[in-house]
Structure formats: C-alpha cells, structure tokens
Amino acid sequence: DAGITQSPRHKVTETGTPVTLRCHQTENHRYMYWYRQDPGHGLRLIHYSYGVKDTDKGEVSDGYSVSRSKTEDFLLTLESATSSQTSVYFCAITASGARTDTQYFGPGTRLTVL
Amino acid sequence: AQKITQTQPGMFVQEKEAVTLDCTYDTSDQSYGLFWYKQPSSGEMIFLIYQGSYDEQNATEGRYSLNFQKARKSANLVISASQLGDSAMYFCAMRVPYNNNDMRFGAGTRLTVKP
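Here the protein sequences line up with chains R and G, keeping their order. Position 23 (the first sequence) corresponds to 23 in my numbering; numbering is contiguous. Position 19 (the second sequence) corresponds to 1019 in my numbering; numbering is contiguous.
Do not rely on the hints blindly, as some may be mistaken.
Derived pair list, reagent style EDC-like, types lysine to aspartate or glutamate, alpha-carbon separation capped at 16 angstroms [unchecked claim]:
| id | chain 1 | residue 1 | chain 2 | residue 2 |
| --- | --- | --- | --- | --- |
| 1 | G | Lys1003 | R | Glu72 |
| 2 | R | Lys57 | G | Asp1102 |
| 3 | G | Lys1073 | G | Asp1022 |
| 4 | G | Lys1003 | G | Asp1022 |
| 5 | R | Lys53 | R | Asp38 |
| 6 | G | Lys1003 | G | Asp1029 |
Everything labelled a hint here was simulated from the structure, so no lab data went into it.
All chains should be built: construct the whole structure from the sequences, respecting the hints.
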C-alpha cells in the first residue's frame, strides 16, 4: 500500500463542465503522475510532477491541466470536459522498491462525460 | 520513441498450468527498466516484477518470472502453476530513466484461468 487515495472514485458530468480530480499521498513522494486508461491503449501519461509547483506534460496532455501546491496533493483539471475524456484516471507515485524505483498506483477514478 | 507491444489481447490457461504472456519493446536507450503489472477485475494496478536492462539474470518473484531476451527486445512474463486468482489484465511497461521516470505501457493481455 503506497498510501495513495483518489477522489472522487466515480463521477458523471456533462460536456463543457469543469472537473477536478484529486490525488493525495501520505508518504512524501517527490514524483506524482496522472494516467488515463482506455481499452486498447493501456495506460497513457497525461502529466507528471517532480516537486511542488514543478510539472510537465506527458503523452496525452491536451485538454488537461495540473497543479501541485503541496507535496501530498496532485490535482488534475479538465477545464471543459468532452466525451473523449471519458476514461479511468489513475494517479501514481514513484517509490523505492527492493531493486529499483517503482511506480505504484492509486485505486483509480472512473469519469463519464455525457 | 519508446514503444511496448503486447500482441495477445486474450489468453486462456488451465488451472495449475504455466502460461507465458508476450511483451516486446522498442527503444534506442541502453539503460531502461521493464515492469509487469496485474489489474484484476476490481481495477487496481498491482506491481508484479521488474527487470533492468543490465541485469544478467532473469527476474523472479514467487510464481512470476520474466523471460528477458535483450537481443530480441522481449520481456515475457511467465506465470507458473496458474491459479483462478490470476485471471486479470496484465500490462507490460518500460521506463526510460532519464525522462523523469516516464513509463510507457502496452495495451495489455487479458488472462483467463479455467478450472
């Protein structure tokens, strides 16, 4: 258990509305990530953070923004949700493993945009 | 660009038998890491096993082993003595370490263990 929680766990919203997903970690990890999971694509990186106020884009960042004002919280915002952003969103952190730094994932947030 | 390919959308295996899930990768970097994750129907992503590009021996973790063939750029997951609880999606992933731990995932293989 890497001490990662995501909220909300499920959300249904309408096209054009703003949505913010929260990732919270309790173990002071430096790196945090947001992925989306879609059938046939595995997980794709949206944005990541390497420290407070330090963020960068991933593979599929269009339509998303992030913020990290505290070490423990990493927020993902959809400024104006679209149906193509219906997905399962996972937050992850990098933690030291037995042999290497390893990414560990939160429980996921299922987002439906109608 | 880094790419991970899992060519088996679905696999079936009889309980107690071994199964191999295929993963090939493409990178021009010499230093990289390969990971396997399990996603049961409950949805969480569970880390299973890791192989470094410079590791001389194949990684093993309990019933999981990684058949690493560097020249072929393959990193197949072998599950021995399959159990019903092994039924899940399995994802292969690659990390290029000099890009802030960026991970690239394959599309996944759905494994079904039959009693």
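Quiz item: In ascending order, which of the hints set out earlier in this document are inconsistent with the structure?
Solution: 1 and 5
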